[in-house]
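Next come the chains, spelled out residue by residue.
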Amino acid sequence: MRFSGKTALVTGGAKGIGAGICKMLVQQGAKVIIADIDTAAADSLAAELGNNAVGLQLDVCEEGQWQAAIDYTESHCGQLDILIQSAGISRPASIEDADLNEWRDHMRVHGEGAFLGCKYAVASMKKTGGGSIVNISTVESIRPGPLFTCYGAAKAAQDAVTKTVALHCGEKGYNIRCNSVHPAATYTPLLQQYLDAAEDPATLEKIYAGMQPLNRIATVEEVANCVLFLASEESSFMTGHQMYVDGGVLAKPYPSGEGA
Amino acid sequence: MTFDFSGKVVLVTGAAAGLGFACAQAFVTAGARVVITDISQAALDKAVAELQGEGGEVLGLLNDASKSADVNALLDKIVERYGRLDIAVNNAGTSSPLSDFHEVAESEFDRVLAVNLKGVWLCMQAEIRQMLKQGGGCIVNMASATSRNTYPGAAPYVTSKFAVAGLTRTVAVDYAERNIRINAICPGNVATPLVLSMVEDLSVLSAKHAMKRLGTPAEVANGVLYLASDLSSFSTGSLLEVDGGWNAI
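Taken in order, these protein sequences are the chains called A and B. Take the first sequence: its letter number 77 is residue 77 in the numbering used here, and every next letter is one higher. Take the second sequence: its letter number 11 is residue 11 in the numbering used here, and every next letter is one higher.
Be a bit skeptical, because a hint or two may be false.
Stated by the list, open to error - Here are the simulated EDC-like pairs of lysine to aspartate or glutamate, each with C-alpha atoms no more than 16 Å apart in a straight line:
1) Lys208(B) - Asp71(A)
2) Lys206(A) - Glu103(B)
3) Lys212(B) - Glu171(A)
4) Lys126(A) - Asp71(A)
To be verified - Okay, the calculated bits of chain A under chain B, using three or more residues with CB under 8 Å as the criterion:
5) 160-168
6) 210-221
7) 224-231
8) 245-252
FYI, nobody ran anything at the bench for these hints, they're computed from the structure. Cβ atoms here follow ideal geometry from the backbone N, Cα and C, with glycine treated the same way.
Using the sequences and the hints given, assemble the complete structure.
Shown next as structure tokens:
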């Protein structure tokens, strides 16, 4: 199979896009460590996915937990081949509404999280001849809408980490590739939460769909397909790339539509 | 990953050699019916023979992508033979000797832009007309790492490839709701006949890539097949960099 013999660690792997990636990786032969701050949810997904998946406690902002996660991976699976960083938070607020705590939360999870994840993954992967890191970013890092002050800035910080890691590993000849994936609106629990909270969910869903030229919302599987391509050897000449899985939204002039 | 394009009708322009040939080869391996074009009959015959030797259903057609009559006739022939066109890879391109910008002849600008830009333009028009009739399709344009970055002394080429990126993104949005996805691939340097015609010292080229090496034709073909497949069903108007990190620098 495509990922036979490979070990992948997926942060934020218990839910949403991360969970979709875990499922697909297991289906295609990988051993997957579902790392999540919600350990119970990670364990539950691992139980569902069978012997090739295991849940692991990981708060991506905690350096000690990263160290432990990598130690666990190396001792139980031999080596880390693939790191997918999907852990994230998004609480839209304009510059007037967001406070400093919100800013710090977003910067910590996305900026520090990506920094620590890459730091420990590179240290591990360089010992074993290489690997692939895929950081889940967003279209909001490229073209942030007015309500994404904190999220857009934090994801842009993460993007810079992605690129500098790609460049450094290239310079050093580590055979470690590092790329980012930039989804637009996707059917995740977070999106469902927004829809459920709306007075008229059907109208909001149409608005979300209409932001994309393809006039629909992505499925988790469509984003996961893109991530797995970057994780696999098929993309062996790709590093430092920002890959859009965005229904064309970034090809379209701003504004992308109501609510964007 | 083994891509599966069984039964799909695929056009790859400029496919007698280099990246186009690698794409045709990958589509053949994935089970597609492949139409390849080129401006050289001899090169085309050789490529067709090689692809058929690998068990492919391949049709070679002499074609100049920069001539609308030629391109329209090409589409007519494809439809006559197969009834449809599922995937088009607009790869035909040309290079230009590196030179001082102020010395570039007007005729050289016209020649490079005719193939690299007008060729893609004309092919997309003809392909989209057919894809609209049949209810959809997928187009991959061959852009370049120099669609987003510069290369000293290569103004005609870089100009043409920047334009291909803009054209791709604009037209992708125009047809997004009509089931036609259009993306471009931006390769870094691969040791193809085209690249070798522009630069003698390949080590200079390797240094431009974060990975400090050139790409292989197969690596670029993987990107093209990804964009042509349903794996990229939510991507349109995007530029896929298969460039060893060139544009991350």
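Hint by hint, here is what the structure shows:
1. This hinted pair does not check out: Lys208(B) and Asp71(A) have alpha carbons roughly 35 Å apart, beyond 16 Å.
2. Note on Lys206(A) and Glu103(B): the hinted pairing is violated, with a Cα-Cα distance of about 54 Å set against a maximum of 16 Å.
3. A distance of roughly 7 Å separates the Cα atoms of Lys212(B) and Glu171(A); the hinted pair therefore holds under the 16 Å criterion.
4. For the proposed pair Lys126(A) and Asp71(A), the alpha carbon gap of about 14 Å is at most 16 Å, so the pair holds.
5. Given as covered by chain B, the region 160-168 of chain A passes the check, having 3 residues with a CB less than 8 Å from a CB of that chain where 3 are the minimum.
6. Restraint check on the region 210-221 of chain A versus chain B: 6 residues with Cβ-Cβ distances below 8 Å, three needed, restraint holds.
7. Chain B is given as covering the region 224-231 of chain A, and this holds because 3 residues of the stretch bring a CB closer than 8 Å to a CB of that chain, at least three being needed.
8. Only residues whose C-beta sits within less than 8 Å of a C-beta in chain B count toward coverage, and the region 245-252 of chain A has 7 of them, enough to reach three; the restraint holds.
When each numbered hint is compared with the structure, violations occur for hints 1, 2.
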